[in-house]
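Q: Assemble the whole structure, with the sequences as input and the hints as a guide.
Number of protein chains: 2
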Amino acid sequence: MYGFNGKVLKVNLTNGDVEVRKLDEDIYRRYLGGRGLALYFLLREMKPRVDPLGPDNVLVFTTSVVTGVPLPGFGRFTVAAKSPLTDGFGEAEAGGYWGAELKFSGFDAIIVRGASDKPVYLWIHDGEADIRDARKLWGMTTKGAQDSIREELNDKLIRVAAIGQAGENLVRFACILNEARYASGRCGLGAVMGSKKLKAIAVRGHGRVTVKSMDEIRGLAKWFDENWRNNPSAVYLSGYGTAGIVTVLDADGILPTKNFRDGSFEHAEEISGERMKETILIGTEGCFACPVKCKRVVKLTNPYQVDPEYGGPEYETIAALGSLCGIGDLNTIAYGNQLCNAYGMDTISTGCVIAFAMECYEKGIITREDTGGLDLKFGNREALIQLIHMIAKRSGIGDVLAEGVLRASKRIGRGSENMALHVKGKEVPLHDPRGKASLALMYAISPSGADHMQAVHDPVYEQSVESMKCLGILKPIDRLSLDAEKVRAFTYLHILNSLYDCLDVCKFIFTPHVYGTFKITQLPTILNAITGWETSLFELMKVGERALNMARAFNVREGLDVKEDRLPHRFFEALNSGSRKGAKLDAIEFNEALKTYYKIMGWDEVTGAPEEAKLKELDLEWVIDIMSQHC
Amino acid sequence: MYGFNGKVLKVNLTNGDVEVRKLDEDIYRRYLGGRGLALYFLLREMKPRVDPLGPDNVLVFTTSVVTGVPLPGFGRFTVAAKSPLTDGFGEAEAGGYWGAELKFSGFDAIIVRGASDKPVYLWIHDGEADIRDARKLWGMTTKGAQDSIREELNDKLIRVAAIGQAGENLVRFACILNEARYASGRCGLGAVMGSKKLKAIAVRGHGRVTVKSMDEIRGLAKWFDENWRNNPSAVYLSGYGTAGIVTVLDADGILPTKNFRDGSFEHAEEISGERMKETILIGTEGCFACPVKCKRVVKLTNPYQVDPEYGGPEYETIAALGSLCGIGDLNTIAYGNQLCNAYGMDTISTGCVIAFAMECYEKGIITREDTGGLDLKFGNREALIQLIHMIAKRSGIGDVLAEGVLRASKRIGRGSENMALHVKGKEVPLHDPRGKASLALMYAISPSGADHMQAVHDPVYEQSVESMKCLGILKPIDRLSLDAEKVRAFTYLHILNSLYDCLDVCKFIFTPHVYGTFKITQLPTILNAITGWETSLFELMKVGERALNMARAFNVREGLDVKEDRLPHRFFEALNSGSRKGAKLDAIEFNEALKTYYKIMGWDEVTGAPEEAKLKELDLEWVIDIMSQHC
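Residue numbers (this note's numbering), protein chains in the order written: chain A, 1 to 631; chain B, 1 to 631.
No false leads were slipped in.
Since copy identity is lost for identical chains, a pair holds within one copy or between any two.
Cut-off 27 Å, straight-line C-alpha distance, at most; resulting in silico cross-link-like pairs (DSSO-like, lysine-lysine):
| hint | residue 1 | residue 2 |
| --- | --- | --- |
| 1 | K475 | K212 |
| 2 | K212 | K519 |
| 3 | K212 | K22 |
| 4 | K118 | K47 |
| 5 | K212 | K507 |
| 6 | K475 | K7 |
| 7 | K197 | K393 |
Just so you know, the hints here were simulated from the structure itself, not pulled from any lab data.
A: Printed below as a string of structure tokens:
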């Protein structure tokens, strides 16, 4: 039993029951952890069509067989539930230290069901678990709750995953923060915690993850350490964080600006990673066991107070609160980022919902009367900050926007639907498919709605392709192509990334176009050193494919079908500015690519459901049974 | 350019043109060689629906990127063409030394088209190739032709692949022999050579296969050498050859006896590997670079003359000429084996067609008048020997039987069809699906008709499963089961074996239940050391799957469809004797399993054709084009 504890904590918040369930090694080998294990639990433990914000929703926290092993990028974890944004499979992965600490505490996963009638938090420590009173934490920021718990339990090394007021107020895109700066960001899972009156999960363990060969693990860590330091791209990631791509995307004409109408932003330079380094950056930081330190630490005292403990803005946040809203000021973005982290609110959805409101305002669909006097012009810094507060507190128009762009646009009507950029109700992240066609497939097909982490690497460059050859991707493919070759490459990369999400590993640590990070072919080697198995990339890719099929089955059971695999109309409209001005997606080509994808995956192109033969192939006959009971 | 020469020899026997064609590395990476490369050529170079015995049939000889590398089992090669037995894809792999020698000569493959008007042979030597007169070789035995060529060219180390009289006389199951004892046995490819008046291909080269890391290759060879010697199963294979399983299968009730009516043979002991060792065995022999030496060397002077150079009988031959015909005498079998090798005639089909005739005779469908006085009783040794001569020479009833059981039974009629054990016209090999259900799928689905080498390992034993876990086969499966779990395992193993056939590696060298032979997970390691690629089992399995789909497409183009994926009725009838007396296949279960297999493979269950999406996934869009031109 290497790599896992074999123990899952099951908590029922309605009646306070806490039990420990054992899991066989074969389950770990079939699902590995993360997304796969989460879906294994969700499909089995959740009744279909439950209210995502009701007590019957099941909230799971999972790690994998590699989580907590001292290798870079191996400290992440998954949170999953039915999403209040998409009404389908909701998931979010986060870095930091919490995932590794859960493994050290003796558990691999937590299943939370029911709802408490008063605020509580969960305290998990060395094989034990208690449900504790959190009444005095309710209303606190994520950091406030974390600090209070550490003080109450008198241990500064306790790792806390907490919600803020956004989660408490059931903002549909509320998130969960650990260390107050590592976000399990998307799909509104903070609202699910809020609906269960679960303020936080605090973990502490003095165990460690037993591996088959610690010598090999040390060797791999050393290999990584020696290699990435000599690599310009990796050094760039360390130097500028994800913020480093602001100017790159701007020059490329796909920096999402003013609610995705423009592809270039006049103030791009001012919100760039380079500018951050020159101004507010006071340090960098890494997750568990990671030397790359791509995380930014920023500090600001004027015009806003920004506490370094809330972390600096990532690229997604900069573009969401910045260019997307026409805001060219890094200080405002850094402060907005802090507010989102304190309230526990996804910065991508927050920026997207504010940009939506700004476009509605510009077009007169929302008036100053609706906004309670706020002048919701693109570029209005103060309006952005105010709106963040209002959304988190559900005050005024913030109450409507807290529902996310899909529901807000339905309520507002009057053509606002065309400004609501989402897939399956989840707001679109800050990457424009009009300049990188694989994103069109990625957004449309992602089981949890628009998501930029589903297939992060594109076979565009010779050097990325070099490391993708082991997947049969032998040559670069035009970034704008959606032909069969692209769909094939996308399908394999989508499966690979699903595997990464089953492993809960950082996708920057397996970056094809960054020499010096782990290679895809090292996956079996790493898994073998940890687990003692003798696995292969074939077996591992099947795990990724299995999880994608389970997610699809989950969504079908919840009533989502192929009609939901759509894109916002905006991406079929021409970009207004930037080096790709005029670029737009072709609907016929896109639909053709989607169909090819379904067929390759073994999914019915009419219903979108995985074919029974595909489920049989993936050892998912139990999913066929579950589907037939409920469909 | 490691592992291959990048050169293919193209020969047109009609006009005598010989040209050298270069092949890019990507082709090798996509198809590897063997079956894959053969199909690449056949699909592109052959017009559909040609007469398999006419000049438009294309005959290809292929090796792979590993052929000729000094590792055990890496000296094999593929011969392929449209089969005169099945009218579909015909292929045969053989060991020996010829495959490695072709690589040393500077070529990776040979494509032969057209037909000569007088007998010729092909002489390939160090990058050169000549078509030479073979009039004086016509009518010779395989060994005679080989010896003559060596003498004529004055080089005893020339490797010769030759046909005998059976090929010259277009016996539909004529084969090709190298060293007069390594048979490219099945599908009647010797008849294709005969139809082109091509007596032999002689090769000699002084080059070698350049590899990326000879140190690693040496290490792998050493690893193999050290490991298999300590393993009881491998030692068993060395000690008794494939003949070692005669008594095992007899005890298990699935030794095919008297045309598959019985599962046990009263004289099993007398035709066993153990008995061979005690009597006629004078030595053992291995193929190129192989220490296992599973080949038997036998000698006999009385009552027959058996020349050691023709080799000893394999299990298939023993059962085909022995138990299947009710013949319990090893001497007769060894002599029959020699005759088949001298005439160049597949022993499996030969035994099967004789057993067919014997059953017809027993039932009065064939009479002594038809046989020209031969008393064709089961067990009549002399009749067996006479019939082998008659078939090879197409004399008397031999002329009918030389057509194979399908065509012979059509000609004979009167219910003889039920005694003709074949799939797609190819005679059934000597393994009974009534005791091992995966064989039912294997025979029915094999692209080249009934074949026992399509998925040689079954996940029946704990120790086989141990090495199959890397394919996601985590636990043993009942040998009689045809449920979804079995179909999944079979599908993966079928693909794996297709990969082996693309690599032209010996399947005994990758034997899951024999510790000490290469493991499946070593495949990428071996490929990388040879080619310098960084491949994975994922990429490699896709090559195997690609070849299966190409073979299927070839057959569809030739007019074969799902109706041809049938089994002889006999397997749905109860076994008459042995420990599995009464055992039979269930037709409903079998058909259900077939359907699941098609769906898993992405094949249309009505037409049996690979779906376009599957071909797109496998980078086979050119096959879609070819199919649409001709279907």
